[in-house]
Amino acid sequence: MMAGVALVSDQGVRLGEAREPGEEPLNIRGLTVSYGQVPAVYSIDFSVKSGSLMGIVGPNGAGKSTVLKAAMGILPLISGQVTFFGKPLKEARHRVAYVPQRASVDWDFPATVYDVVLMGLYPSLGLLRRVSKADKAKVAESLAKVGMQDFVDRQIGQLSGGQQQRVFLARSLVQQADVFLLDEPFAGVDAATETAIMGVLKGLQEDGKTIISVHHDLSTVSTYFDHLFLLNRKAVAYGPVAEVFTKENLSIAYGGKLAAAQLDTMGL
Amino acid sequence: MGSEFVALGLTPVLISAFAGMACALPGNFLVLRKQALIGDAISHVVLPGIVVAYLLTGQVSTWPMMLGAAGAAVISVVLIEMIRRLGRIEYGAAMGVIFTTMFAAGVLLLEQSDTSRVHLDVEHALFGNLETLIWLQSDGWGSLLDPLSLAQLPPQFFRMVIAFFVISAFTYIFWRPLVLISFDEAYARTIGTQATVVGFLLVVLAAMAAVAAFDAVGSIIVIAMILCPPATARLLTNDIKTQVFLSLILALGATLIGYVVAGYLPLWLGYSNTLSAAGMIATVSGLLLASSAIYGRHRKRVI
Amino acid sequence: MLWAALSLSLGYNATLVTLGASLLGAAAGMAGTFLYLRKNALISDAISHATLPGLGFAFLVAFGFGIDGRQLLILLSGSALSAALGLYFVNWLTRETRLTQDTAIGCVLSVFFAFGVVLLTIIQVIPAGRKAGLESFLLGSTAGMLYSDALLILILSIITALVLFVFLRPIKLVVFDQGYSETLGISVRRVDFIILMVTLAVTVLGMKIVGLILIVALLIIPAVSARFWSERTNIILVTATLFGALSGYIGSAISAVSPGLPTGPIIVLCCFGLFLFSFLFAPKRGVLAVALDHYRFQKAVHLTQGLLSMAAAQPIYEPKTQRLLRRLGYIRADGVATETGKSLAAKTLLNEKRWSYWQEILKESDQLDGQAVFNLMDIETKLTPDQIKSIDQGLALKQGERM
Numbered sequence: 001m002m003a004g005v006a007l008v009s010d011q012g013v014r015l016g017e018a019r020e021p022g023e024e025p026l027n028i029r030g031l032t033v034s035y036g037q038v039p040a041v042y043s044i045d046f047s048v049k050s051g052s053l054m055g056i057v058g059p060n061g062a063g064k065s066t067v068l069k070a071a072m073g074i075l076p077l078i079s080g081q082v083t084f085f086g087k088p089l090k091e092a093r094h095r096v097a098y099v100p101q102r103a104s105v106d107w108d109f110p111a112t113v114y115d116v117v118l119m120g121l122y123p124s125l126g127l128l129r130r131v132s133k134a135d136k137a138k139v140a141e142s143l144a145k146v147g148m149q150d151f152v153d154r155q156i157g158q159l160s161g162g163q164q165q166r167v168f169l170a171r172s173l174v175q176q177a178d179v180f181l182l183d184e185p186f187a188g189v190d191a192a193t194e195t196a197i198m199g200v201l202k203g204l205q206e207d208g209k210t211i212i213s214v215h216h217d218l219s220t221v222s223t224y225f226d227h228l229f230l231l232n233r234k235a236v237a238y239g240p241v242a243e244v245f246t247k248e249n250l251s252i253a254y255g256g257k258l259a260a261a262q263l264d265t266m267g268l
Numbered sequence: 001m002g003s004e005f006v007a008l009g010l011t012p013v014l015i016s017a018f019a020g021m022a023c024a025l026p027g028n029f030l031v032l033r034k035q036a037l038i039g040d041a042i043s044h045v046v047l048p049g050i051v052v053a054y055l056l057t058g059q060v061s062t063w064p065m066m067l068g069a070a071g072a073a074v075i076s077v078v079l080i081e082m083i084r085r086l087g088r089i090e091y092g093a094a095m096g097v098i099f100t101t102m103f104a105a106g107v108l109l110l111e112q113s114d115t116s117r118v119h120l121d122v123e124h125a126l127f128g129n130l131e132t133l134i135w136l137q138s139d140g141w142g143s144l145l146d147p148l149s150l151a152q153l154p155p156q157f158f159r160m161v162i163a164f165f166v167i168s169a170f171t172y173i174f175w176r177p178l179v180l181i182s183f184d185e186a187y188a189r190t191i192g193t194q195a196t197v198v199g200f201l202l203v204v205l206a207a208m209a210a211v212a213a214f215d216a217v218g219s220i221i222v223i224a225m226i227l228c229p230p231a232t233a234r235l236l237t238n239d240i241k242t243q244v245f246l247s248l249i250l251a252l253g254a255t256l257i258g259y260v261v262a263g264y265l266p267l268w269l270g271y272s273n274t275l276s277a278a279g280m281i282a283t284v285s286g287l288l289l290a291s292s293a294i295y296g297r298h299r300k301r302v303i
Numbered sequence: 001m002l003w004a005a006l007s008l009s010l011g012y013n014a015t016l017v018t019l020g021a022s023l024l025g026a027a028a029g030m031a032g033t034f035l036y037l038r039k040n041a042l043i044s045d046a047i048s049h050a051t052l053p054g055l056g057f058a059f060l061v062a063f064g065f066g067i068d069g070r071q072l073l074i075l076l077s078g079s080a081l082s083a084a085l086g087l088y089f090v091n092w093l094t095r096e097t098r099l100t101q102d103t104a105i106g107c108v109l110s111v112f113f114a115f116g117v118v119l120l121t122i123i124q125v126i127p128a129g130r131k132a133g134l135e136s137f138l139l140g141s142t143a144g145m146l147y148s149d150a151l152l153i154l155i156l157s158i159i160t161a162l163v164l165f166v167f168l169r170p171i172k173l174v175v176f177d178q179g180y181s182e183t184l185g186i187s188v189r190r191v192d193f194i195i196l197m198v199t200l201a202v203t204v205l206g207m208k209i210v211g212l213i214l215i216v217a218l219l220i221i222p223a224v225s226a227r228f229w230s231e232r233t234n235i236i237l238v239t240a241t242l243f244g245a246l247s248g249y250i251g252s253a254i255s256a257v258s259p260g261l262p263t264g265p266i267i268v269l270c271c272f273g274l275f276l277f278s279f280l281f282a283p284k285r286g287v288l289a290v291a292l293d294h295y296r297f298q299k300a301v302h303l304t305q306g307l308l309s310m311a312a313a314q315p316i317y318e319p320k321t322q323r324l325l326r327r328l329g330y331i332r333a334d335g336v337a338t339e340t341g342k343s344l345a346a347k348t349l350l351n352e353k354r355w356s357y358w359q360e361i362l363k364e365s366d367q368l369d370g371q372a373v374f375n376l377m378d379i380e381t382k383l384t385p386d387q388i389k390s391i392d393q394g395l396a397l398k399q400g401e402r403m
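First to last, the sequence lines map onto chains P, C and G.
The opening position of the first sequence corresponds to residue 1 in this note's numbering, with each subsequent residue numbered one higher.
The opening position of the second sequence corresponds to residue 1 in this note's numbering, with each subsequent residue numbered one higher.
The opening position of the third sequence corresponds to residue 1 in this note's numbering, with each subsequent residue numbered one higher.
Next up, chain P with everything else stripped away, as it sits in the complex (with noise of 0.2 angstroms):
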């Protein structure tokens, strides 16, 4: 019987058996999140090792950012487990940090650079606790990292795209996690935001801290990230960006979509 043979021969063909749930920094096994009957994301199980920046890549309506936030408990699961450093979320939240899309917000809020970075300490604050010199230099070293710092004091309404993104990053640096969790943050900024934001993103790994972010440039993969996660609604490979980054992953992921010529200026 065909079905007997399958049963030894073929388990974990590209992803790898899913793990204990051990140490890592995000662990996810048989992850199903949908928006009515139709899954948005299927049986997804990936992990991420300490240490690396990972990018979490596939075709548009893959279901990469809903991965994040059904990661981040902002999505209801169907099935699932999600665990950060062997642990739920609820457990280990002081070590997360989590970079909303910049469009999910209203922007024509009334508050300043300033009050935005000081959100990602409101943990630490509590209700009522004053805010003391301490927590004012950790946010303006945070908007120095990213480039800001001149403008504490500015309406965010007033920022430019890339200048919004920025803040929002430097409201997750605040938070002093372990670990990043990025979603779409060079959707919509200019190249100098994109390389001021990967500049922070490598020193953070330099300091031995753990990113995941959503990404869509197939182009800049290779140069961004080491490790990648491939994704279209099931997981279809993750791991060190040499291995998963192949033709034939991309094709799986994207189908006859992605043109020839396309894969050509990626060098592969």
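Treat the hints with care, since some could be wrong.
Stated by the list, open to error - Restricting the straight-line Cα-Cα distance to at most 27 angstroms, the calculated cross-link-like pairs of lysine-lysine (DSS-like) are:
#1 Lys-247(P) <-> Lys-90(P)
#2 Lys-87(P) <-> Lys-284(G)
#3 Lys-347(G) <-> Lys-320(G)
#4 Lys-241(C) <-> Lys-133(P)
#5 Lys-87(P) <-> Lys-299(G)
#6 Lys-202(P) <-> Lys-145(P)
#7 Lys-34(C) <-> Lys-389(G)
#8 Lys-398(G) <-> Lys-247(P)
#9 Lys-145(P) <-> Lys-49(P)
#10 Lys-300(C) <-> Lys-39(G)
#11 Lys-241(C) <-> Lys-300(C)
#12 Lys-342(G) <-> Lys-320(G)
#13 Lys-347(G) <-> Lys-284(G)
#14 Lys-39(G) <-> Lys-284(G)
#15 Lys-382(G) <-> Lys-342(G)
#16 Lys-241(C) <-> Lys-136(P)
#17 Lys-320(G) <-> Lys-90(P)
#18 Lys-299(G) <-> Lys-320(G)
#19 Lys-320(G) <-> Lys-389(G)
#20 Lys-90(P) <-> Lys-299(G)
Derived from the structure by calculation, the hints contain no laboratory data.
Since the structure of chain P is provided, determine the placement of chains C and G on it from the hints.
Same frame as chain P, but now just chains C and G:
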């Protein structure tokens, strides 16, 4: 003028001022969260709430009716949220379904119940009875220092003041989460804020303001005061603390001007009747909004 | 008695009111559908509250000219004008300032209404105003309605319904696909304007019957209820029109035979009855259907994932999956697979492989088009035996290559 004003005018002015400020405070966050019409919904369902309370207790007494109104407000908010999520209906439409139905049920119950004996009618619900809230025991400004006559102030006064301070205290304590869920609710959840709980707290505060104000000043002023002062302040500043502060001042200003215009303008013009004070206060708050929409420094969208 | 009302044999006025209310309900259902589909439902609330100052003003002006201000046509014109002004302010605030539409609606409706109340206090001191009965416009009242009033409402309702019918096509196009209709040269602004004007007409007409506060219900509830029954604009439109007409018809008939029951609230509660029924029981979009589908879907996902793990001899971590498998007898209490479980796991794995292979074929020929087919269904029920045979051959070939 002094003693007459203290007896007849002072309490209505103070009550409506505290009512206006109590409504404006949560209104700031409702405006920012694009939930402005929750105020509209709440002020409509207060009517069925008090009717049901009356039918259950059989008497017109304050506390059961306040509880009834507050209960109706909370029920309506829960129902709106429920049919919105379960039925996947847009927010505005979900509100439209619930508050009109509850209002209709309230009117029906009201017409069915024997209301000829009691002072419980639609007009009262809409317009309040501001003009009857007088302080007869007073004897000029000196009465403000006399504990005995202070105790004779209309009970609505104490209720409104307490409501205002309770709402202020909650706003102060929950300031950070309130700002956070108004700006970026998804992020708020990721850093552990109980966004649903805080969002519900906000609506409960608005309902509390509405119910306390309703008995004294009627429901039309409630929705005007929840929305107009915050909206006006929104056009005058880009800082949320300033906005909230300004909205309180504007609520106070609208009350004073509105009350004076309604009460004294016709007299000065030689007519003997006064106008609806509640209506005039709301009208003035609208005029303030109109002028800030034309002249406000920050009236335009920045992006 | 109720039958007499339903069969329209309770005399002229009652009949006209019933007909008027049904037509009004139909027009409101139609207009409301367009408002709802344009995500603009609560604008009707602003329109209705903004009629009050016009009502008072019309009365005062008529009084000034020595005309009996209670004439319905005069009152309705005044209401229409001030509602239009309110509508203008809502648009102006939304367009010219940073305020969002919901705030603009709330501010305009409360301020206009409040100003209307101020005017009413003026009217009450005028001797003629005492018996003006303007309050009846707040909650609607068909008692004491004149024959001419009822006739006027009937005629205007017919005109409104006709206007909607004439412009049905462009309106439907804009609602369905704004971009496409623009390429056809249809002005979206003009269509929105028509929708709002019809809404305004319905609101003003409805005031005498259901009152200016409750007319909002007729504009929103039938449309929202109809949405549960279909995804197609045409069907939603027809359903909403029917729901609106039915509510008007039954509601006014009930209130005609029981004078204690006010017309407006009864009509609104009829609407809500239809809503509740749709909300709960509509197939596909109704709450019960959605909950059942969700439960089934979740179960299928857990079952498939669990069985696939069993097939791959991997441990199952998720408690929910474990419970499900245990309850169905696929694993024993200690987590070891039973015989039934094993054979089903093998079957599920085969199903999964067949689907994956099929998807690859579709993908290569570019027929999949991003819409991944998911492997929860039994492939043998979805594809022909021939297709499955070819899949199995393909799979066997691949197996051979790898060896």
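Hints and how they fare:
1. Lys-247(P) <-> Lys-90(P): Between Lys-247(P) and Lys-90(P) the Cα gap is close to 39 angstroms, so the pair fails against 27 angstroms, i.e. violated.
2. Lys-87(P) <-> Lys-284(G): The given pair, whose Cα atoms are some 38 angstroms apart, is violated under the 27 angstroms limit.
3. Lys-347(G) <-> Lys-320(G): holds (22 angstroms)
4. Lys-241(C) <-> Lys-133(P): With Cα atoms ~21 angstroms apart, Lys-241(C) and Lys-133(P) stay inside 27 angstroms; holds.
5. Lys-87(P) <-> Lys-299(G): holds (25 angstroms)
6. Lys-202(P) <-> Lys-145(P): Roughly 12 angstroms separates the two Cα atoms, so the pair holds.
7. Lys-34(C) <-> Lys-389(G): violated (57 angstroms)
8. Lys-398(G) <-> Lys-247(P): Given that 27 angstroms is the threshold and the Cα spacing comes to 19 angstroms, the pair holds.
9. Lys-145(P) <-> Lys-49(P): Distance ~25 angstroms between Lys-145(P) and Lys-49(P) Cα, so the pair holds.
10. Lys-300(C) <-> Lys-39(G): Distance ~24 angstroms between Lys-300(C) and Lys-39(G) Cα, so the pair holds.
11. Lys-241(C) <-> Lys-300(C): holds (19 angstroms)
12. Lys-342(G) <-> Lys-320(G): This hinted pair holds, its Cα atoms lying about 19 angstroms apart.
13. Lys-347(G) <-> Lys-284(G): Judged against 27 angstroms, a Cα distance of about 30 angstroms means the pair is violated.
14. Lys-39(G) <-> Lys-284(G): holds (22 angstroms)
15. Lys-382(G) <-> Lys-342(G): holds (24 angstroms)
16. Lys-241(C) <-> Lys-136(P): holds (18 angstroms)
17. Lys-320(G) <-> Lys-90(P): holds (19 angstroms)
18. Lys-299(G) <-> Lys-320(G): holds (9 angstroms)
19. Lys-320(G) <-> Lys-389(G): violated (35 angstroms)
20. Lys-90(P) <-> Lys-299(G): holds (26 angstroms)
Comparing the model with each numbered hint stated earlier shows that hints 1, 2, 7, 13, 19 do not hold.
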